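Number of protein chains: 2
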Amino acid sequence: MIHIYTGNGKGKTTSALGLIVRALGHKKRVCLIQFMKKDDQYGEILFFKNNSISIDIFQYGTDNFVDPTNPQEIDKQQANLAYIKAIESIESNQYDLIVLDEINVAVKWELITIEMQKKLFDFVTDAEIVMTGRCADIDMINMADLVTEMKEIKHYFNAGQDARKGIEY
Amino acid sequence: MIHIYTGNGKGKTTSALGLIVRALGHKKRVCLIQFMKKDDQYGEILFFKNNSISIDIFQYGTDNFVDPTNPQEIDKQQANLAYIKAIESIESNQYDLIVLDEINVAVKWELITIEMQKKLFDFVTDAEIVMTGRCADIDMINMADLVTEMKEIKHYFNAGQDARKGIEY
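Quick mapping for you: the protein sequence lines, in order, are chains A and B.
Letter by letter, the first sequence follows residues 1 to 169 in this note's numbering.
Letter by letter, the second sequence follows residues 1001 to 1169 in this note's numbering.
Any given hint might turn out to be false.
As the list claims (entries may be wrong) - Only some residues are given here: those of chain B computed to face chain A with a beta carbon under 8 angstroms:
| # | residue |
| --- | --- |
| 1 | T1014 |
| 2 | L1046 |
| 3 | I1053 |
| 4 | I1167 |
To be verified - Below 25 angstroms or equal to it, Euclidean Cα-Cα: the simulated DSS-like pairs (lysine-lysine) are:
| # | chain 1 | residue 1 | chain 2 | residue 2 |
| --- | --- | --- | --- | --- |
| 5 | B | K1027 | B | K1049 |
| 6 | B | K1027 | A | K165 |
| 7 | A | K49 | B | K1028 |
| 8 | A | K151 | A | K165 |
| 9 | A | K28 | A | K49 |
| 10 | B | K1119 | B | K1076 |
| 11 | B | K1049 | A | K28 |
| 12 | A | K28 | B | K1038 |
| 13 | A | K108 | A | K38 |
| 14 | A | K151 | B | K1151 |
| 15 | A | K119 | B | K1154 |
| 16 | B | K1108 | A | K154 |
| 17 | B | K1076 | B | K1038 |
| 18 | B | K1118 | B | K1151 |
| 19 | B | K1151 | B | K1165 |
| 20 | A | K27 | B | K1118 |
By construction, these hints were calculated from the structure, which means they are not laboratory data.
For clarity, every value in this text was computed on a predicted model and none was experimentally measured.
Beta carbons are placed, not taken as given, at the ideal position from N, Cα and C, and that holds for glycine.
Using the sequences and the accompanying hints, generate a full structural model.
This is the structure we're talking about:
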């Protein structure tokens, strides 16, 4: 099954993390591939590392945030590496759950193409594949087995609250 | 801050679980209180137990699902115990993150009253409080600091797929 968690509200990546925890609890094999992220100080990364959790994590990003109005060549290279890892992970049949974190945004910002994302639907696999990120393409929504829109009804960011350690990262 | 994750789509409890993981990664102290659930075979519960994760978990339910058209006295008793534990947890100042899983549904099904849920907003606390479950009351949405509606765009349940171990529980 392919899940898509999209929308402008809080809860997309955390939802994927929750699925990971649930799957690991049942001894499933899990792979987390993060597009446009490269930071081992995220709470979730620290958690899995500190507790020696059996999960394969691959981050593909740079030390800088991607500028959507002017993405750099290195950003595209990293996203393409993440994509290659995604295919490798699916083809390996080593995993029961594969999370492609922020892949929807990587497509939206044209770091990889929508055709590439579509191609992921062609693989025959028993693995559960989870794609997160705002602005999922309408074709993805039509093709996926499960789609939840995380819709922002209200966010404390709009009241001036900054991102906080342990809550947003 | 008080978060509400509501709506009919998949991703509410998993989102709270993801927040838990992120908070634990930054050494925050976490309490998970589950309304209407009593099953130590949920993937997330097994995960936290098997990996000796430092988290306090309290489940309040019975071996049977609550029948919303005919809730039993024991269902109300359990929900009230969960509520008392919620207040204790907040007042203890022992936790940085307190998750009240399915509390919105417990209110909707009148196992506890909306006034009781509202009262939780009166406590002065630095803890992050997360309330999950469909059908959050409009007053809760107005009072919370962050609200995400997990909106079902598409769900494989509607295509006949049953709940699966490691994905739905």
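Exercise for the section: List in ascending order the numbers of the hints, as given earlier, that are violated by the structure. Expected result: As far as the earlier hints go, only 20 is violated by this structure.
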